Structures are given as C-alpha cells and as structure tokens.
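*Asks:* Each chain, letter by letter, is given below.
2 protein chains.
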Amino acid sequence: MSGLWYDENFQDDTRLGLRAIRTHFSGRSEYQKVEIFETKRFGRVLAIDEIFMTSERDEYFYHEMLVHPALTCHADPKRVLVIGGGDGGTVREVLRHNVDKVVMIEIDELVVRASQEHLPTIGTAWDDPRLEVRFDDGIKYVCESDDEKYDIVLLDGTDPVGPGEVLFEKRFYEGCKRMLKPGGVFALQSETVFLFEDVFVETQQKLRELFAQVHPYFGPVPIYASGQWSWTMASDSRAPADADVSRIEALEAHTKYYCRDIHKGAFAMPNHVRKRLAAL
Amino acid sequence: MSGLWYDENFQDDTRLGLRAIRTHFSGRSEYQKVEIFETKRFGRVLAIDEIFMTSERDEYFYHEMLVHPALTCHADPKRVLVIGGGDGGTVREVLRHNVDKVVMIEIDELVVRASQEHLPTIGTAWDDPRLEVRFDDGIKYVCESDDEKYDIVLLDGTDPVGPGEVLFEKRFYEGCKRMLKPGGVFALQSETVFLFEDVFVETQQKLRELFAQVHPYFGPVPIYASGQWSWTMASDSRAPADADVSRIEALEAHTKYYCRDIHKGAFAMPNHVRKRLAAL
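Chains as they are written, first to last, in my numbering: chain A, 29 to 308; chain B, 29 to 308.
Please keep in mind that the hints were generated in silico from the structure rather than gathered at the bench. Please note that the accuracy of each hint is not assured.
Remember, identical chains collapse to one label, so a pair may be satisfied in a single copy or spanning two.
Calculated lysine-lysine pairs in the DSS-like style (CA-CA distance at most 25 Å, straight line) [to be verified]:
1) K303 x K284
2) K284 x K198
3) K168 x K292
4) K303 x K168
5) K303 x K292
6) K177 x K68
It should be emphasised that the depicted structure is a prediction, and the values quoted were computed from it without experimental measurement.
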C-alpha cells in the first residue's frame, strides 16, 4: 500500500487525511483543480482545490439530505433546478421522485466529465431522459434567465471562500427565489455550524429577509470538516411539517440515511443555534 | 507557530490532525499514555494513547449528550454512578441536576490529576461536596460491589480496542444493570455507526437481552473519528418520551447543544440503522 496521505487542510490548524491508494483522475479546468483518488475507507473521493467534495462511501448523507426534505415538502414537484452538483449524486436523488424535468447548471464541465468516468457509483442517473445538464454560470442563470420557473431549486455548491463566495450573497438567493413557481421550495447546503457559525447565521438572516419559511437542518457528513453539516430549506409557503409522509416512506426503500424519523429529527436545533437565531 | 501536527490515526487509513501549539502535559501511567496539548481550533485537547478523548471547544456535545437524556428521563435521579470520565466533564453535567450523590470510578488516577491541573474549563465541579472520586476498576465494582444501588449509571468509556474491549462485553452491562435501583437508567457512549457499525449493532443486541427499553441516539462530536457519535439509553422502565420537559428547559440556561428539540431529534434513527436493528 502507498505511503501517501491526501489531507484536507482547514485554515492550517485542522486536517482530515485519507490514505490515497491510487489516483484515478487529476486535471485542471479554468476554474479549479479536480482530483479523484482511491481510498480504503471512503472508496473513491472527489477533491476540488484540495477540499473533499464527496466520496463513494459517505455521499448518501449529503445528497439525500440536500434533496429529499425539499421535495417531500413540496405539494407536487415536477420541475427541479440544480445549481452545481457536478458529481451527479444530487440529480440521482431528485430523479427518484416523480418529476418531469431536472435542469442541472454546472459551471465546470470537467467536474461532470471526470465524475461520469470515475465516480460511476455516485452518478447513476446521467442517462435519465428527464435530466438536462448545461455547462453555464448558475448565478447568471438564476438572476437573468427567462426560462420557465421551477417547483424546486437546489443549491449544491461549495464553501464561501474564493469563487464560492458569491453563492452566499443575498442577490444570488434573490435569483433562486426568482426562479421558483408559487408553492416552490429552495434548499441549499449551509455549512458546518461548528466551524462556520457566523456564515451559517448570516445565511439564515439573508434567507429570512427573502422567504416566509426558513428552516435549517442538521446531519453528519464524515468527509467534511468537523463531520457535521447543515442544510436549509426556504419557502414562502411550505414548512418541514408539510412533508408528504407516504412519499418519504416510498423513498425508504432506497435511502441509507433519510427517512420519516430523520425528516423530523434533523430539524432539531442545537441549543446555542436556537438562541442565536432567536436573537436575529 | 509550531509546525507540529498531532494526528489521530484511525486504522492507518484515515487521520484527523490538529496543529499542536504547545504541550501542557505528557505522562504515562501503568495503563496508558496521557497527553494534553494546546490547539487553536479546539483549545486544549486530551489524548490517551494517541486517541483524542475531548477538547475544550467541543466537549459539550459529548458530555451533555451522555448525561442529560438519561437524567431527564429518570423520575427523580438522586444517586449517580459514573464509570470512567476522568476529564471531569460528565460529572460536571450530572451535578447540574438535583442529585444527592455522584460516585465516579476512574481506573487511572493520572487522567484525573492531569485534567484537574490542565483542563480546568472542563472539570469545573471537582470540589462539589456531592462528588466522590474513587480510583478503582469500574468493571470489578459493578460486578462485585455491595454498595447501595444507583438511579443512574453512566459509562464514559473508551473505544473497544485493547483494554477498552471489556467495556463492550455483556457481563459488564449486566454489572451496570445490577447496580441500578428500580426505575433506574443506564447510558453509555456506543461509538460511531459510520466506522464501527458492527460494534454499534452488537452493543444494541447485548443491551436488548438485558433491558426492556434500549434507545440509541445520535449527535456530532467533531473531534471524534467521523465526527458523528452515538450514545444509548437502556432501562427496564424509562424511555425517551418519559423525559421531564421542565427539567430540560431548566438545563437550557447552561447547555450549548442539548435542549428540548435535540432530546427528541437525537433519537431519530438513520434509515439503514433502523433496518438493521429491526432485523435483530
């Protein structure tokens, strides 16, 4: 076995390291460095600019939790927009629902091409005829597009550092809201509270200025910094309690993490988070 | 700043590294190596045999979650036994309740002495007159002692490797049950499902053979391998829904993580865990 470790180094004081057995892909687009390598514990791992994005073994936490709360809370989601999500896990989970059309806008074609070739266990739905993949700027799209609106907008984006910063700006969330039909639901990853508490709280604040219902929820993602993650569901009309329980039950045949109990439990707020959000 | 990293190496394929600013304590007892060092992100960190045990910044997750579900579910906990817990965080949380007596049995005096001197923000209750600390073998104690029984037994132990293995044996859980009064509640850490799923499931099985009510629950512990952890509450008469809500509310003045919502939400079982336990 190789003696090489691949470390994600967080602010030069904390690191998560995975022993790299071999490299499957290494390339650079105009946007970023894209690597896929093999590990024993996590299977194949996708890293972008040396940050772990997903892995074969733990991807279900992130993808199930980004997708299913929003879709099960919508009354009848037919058209879904995914911004980012180049590894294909998010659209795979969306396509488990009875949807008509999924548009995925990913800025970096290299992420999709590398994932299609080297992460086949994650992106199992690339050939679904309901899916349309466009290589384009998601921010420009939501702010300017005249396309038909969507029932669901999912933001499967990166951390608020460098090019990802704009994904945490209010004008971008306004664009996401602009793309929603009445009764629509927006969901996004909203970072780890443990390491990015201020970013998390500011995100909640910006979303509250735009949506009547804003509900963060929490779950594990072992390969992400701190191992705990948050997502947020925002809507003008739909709340967690509006979930269609029979649709959640049907998903339970496929999901590893998400289920009826988790749908309820994940919205439980840690005491100090509850207090900070109550003070907003 | 120092260029030294302290890595917890999990089965030689995954590691969590913390940059060590300086060492506060390093010693070896007849049982194990004990180290306390300073980090930027986690404050002071206690490591035993190169496994992170707790840190100033994230200790509240583990200690609140081990202690409060069991104590709030008991009708009127007065006598509490803590096995292990040498850093002092568990007894600190126990002593927030209206208890008469807490006995802590820790096998390694060095852990307590080092923590008392170098982890003062964690062990803030060492001088409480209700606390009695004994340096003794907790396993022998629960299996053989003729002492008065307890309302609560808390197992604040280590991983099931090497000397910690016995903490996952059925005869030890029988001893813990033996020390409970009628209406008593036993709680223990039950490892990370992500990395130790079989140990977790076997623990549930052993406890189910001994207790009428066995309820695992889940939460984050950023400094532990995978970042997600589980604990289990076991009792012949008390279940999570028996919690005294007014006592949880009173705790919310102090706790950072545990609260009414988390008490309910933490017992939500991931879908694949639910399926495995249903098949037992």
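*Asks:* Next, verify each hint and record whether it holds.
*Replies:* Results for each hint:
| no. | hint | in the structure |
| --- | --- | --- |
| 1 | K303 x K284 | between (31 Å within a copy, 9 Å between copies) |
| 2 | K284 x K198 | neither (33 Å within a copy, 29 Å between copies) |
| 3 | K168 x K292 | neither (34 Å within a copy, 41 Å between copies) |
| 4 | K303 x K168 | neither (35 Å within a copy, 43 Å between copies) |
| 5 | K303 x K292 | both (20 Å within a copy, 18 Å between copies) |
| 6 | K177 x K68 | neither (43 Å within a copy, 46 Å between copies) |
In this structure, the hints that do not hold are numbers 2, 3, 4, 6, in rising order.
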